[in-house]
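Trainee: The chain contents come next:
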Amino acid sequence: GQNIDQPTEMTATEGAIVQINCTYQTSGFNGLFWYQQHAGEAPTFLSYNVLDGLEEKGRFSSFLSRSKGYSYLLLKELQMKDSASYLCAVRDGDYKLSFGAGTTVTVRA
Amino acid sequence: DAMVIQNPRYQVTQFGKPVTLSCSQTLNHNVMYWYQQKSSQAPKLLFHYYDKDFNNEADTPDNFQSRRPNTSFCFLDIRSPGLGDAAMYLCATSREQGAAETQYFGPGTRLLVL
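One line per chain: the protein sequences are D and Z, in this order. Under the numbering used here, the first residue of the first sequence carries the number 1, and numbering increases by one thereafter. Under the numbering used here, the first residue of the second sequence carries the number 1, and numbering increases by one thereafter.
If you are wondering where the hints come from, they were derived from the structure by calculation, not from laboratory data. Small disclaimer: the values here were computed from a predicted structure and weren't measured. All C-beta atoms in this analysis are idealised placements derived from N, C-alpha and C, irrespective of residue type, glycine included. One should not assume that every hint holds.
Unchecked claim - Computed cross-link-like contacts, SDA-like style, restricted to lysine to any residue with a CA-CA straight-line distance of at most 25 angstroms:
no., chain 1, residue 1, chain 2, residue 2
1, D, K96, Z, N30
2, Z, K44, D, T23
3, D, K96, Z, H29
4, D, K81, Z, R110
5, Z, K38, D, S47
6, Z, K44, D, T8
7, D, K96, Z, G84
8, Z, K38, Z, Q14
9, D, K96, Z, Q14
10, D, K68, Z, T102
11, Z, K38, Z, E57
12, Z, K44, D, N3
To be verified - Which bits of chain D does chain Z cover? Going by a derived footprint, with three or more residues having C-beta under 8 angstroms, they are:
no., stretch
13, 64 to 71
14, 75 to 83
15, 94 to 107
Please model the complete structure; the sequences and the hints are all you need to start from.
Mentor: Here you go:
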């Protein structure tokens, strides 16, 4: 089966940086996605990594190491609106995404 | 704006009473997915349609069925809801199947079973 682990909760201060780690053990690998999900709302796409390295997109960056089965999402210059759950998801075939349980990030003033 | 729409946003049903959840999309995507997400848990794929081809996940209970009458609409039918089926049901679409294809989610329908 698929095993995707990420911390349950993280708290940080407005303006700070937070790094959300994700480790995975899956039967195949065809890319890793990060989604943001505000409470009671749908997940929204943040980033996609399929090759090793860092992808930067504004305040958000995502890193992948396939050999280590490891990714992180880096949130910089945190804003209150960044308080949400962040879901790591691995694609192991052509379509299926296996999600982690999500990391709830709370940004304090 | 192109989007994924789910109706209703909240649905209350009684134990054992059939219920249908609706999803529509204006993205003209070929693939539509249904996920179940219980509180503080990961979304779990129930099934998906690639065009008219239905693909059921191996561990999806028979109680859950789906219909896709056309490209734009997809329905989730729960034949006899149990208390354990209370969850958020998320519909998602992607343009095609493929490694880099992003899935776009609707706002979800929260189902309560009394």
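Trainee: Each hint should be assessed against the structure and marked as holding or not.
Mentor: Results for each hint:
1. Distance restraint check for K96(D) and N30(Z): the Cα-Cα separation of roughly 15 angstroms lies within the 25 angstroms cut-off, and the hinted pair is therefore satisfied.
2. Only pairs whose Cα atoms come within 25 angstroms are accepted, and K44(Z) paired with T23(D) is accepted, the gap being roughly 18 angstroms.
3. For a cut-off of 25 angstroms, the pair hint linking K96(D) to H29(Z) stands: about 16 angstroms separates their Cα positions.
4. Taking the CA atoms of K81(D) and R110(Z), the gap is near 23 angstroms; set against the 25 angstroms cutoff, the hint holds.
5. For the hint pairing K38(Z) with S47(D), the CA-to-CA distance comes to about 24 angstroms; that is within 25 angstroms, so the pair holds.
6. As the CA atoms of K44(Z) and T8(D) are separated by approximately 17 angstroms, the hinted pair is consistent with the 25 angstroms bound.
7. Of the supplied pair hints, the one linking K96(D) and G84(Z) holds, its CA atoms being roughly 24 angstroms apart against a limit of 25 angstroms.
8. About 18 angstroms separates the Cα atoms of K38(Z) and Q14(Z), which keeps this hinted pair within 25 angstroms; it holds.
9. Note on K96(D) and Q14(Z): the hinted pairing is violated, with a Cα-Cα distance of about 31 angstroms set against a maximum of 25 angstroms.
10. For a cut-off of 25 angstroms, the pair hint linking K68(D) to T102(Z) stands: about 24 angstroms separates their Cα positions.
11. Pair hint K38(Z) plus E57(Z) holds up; C-alpha atoms about 17 angstroms apart against a cutoff of 25 angstroms.
12. The hinted pair formed by K44(Z) and N3(D) meets the criterion: a straight-line CA distance of about 13 angstroms does not exceed 25 angstroms.
13. For the stretch 64 to 71 of chain D, the stated coverage by chain Z is not satisfied: 0 residues place a CB nearer than 8 angstroms to a CB of that chain, which falls below the threshold of 3.
14. Taking a C-beta to C-beta cut-off of 8 angstroms, the stretch 75 to 83 of chain D contributes 0 residues in contact with chain Z, too few for the three needed, and the coverage statement is violated.
15. Judged by the Cβ-Cβ criterion of 8 angstroms, the stretch 94 to 107 of chain D is covered by chain Z as claimed, because 9 of its residues qualify and three suffice.
Hints 9, 13 and 14, counting from the list given before, are not met by this structure.
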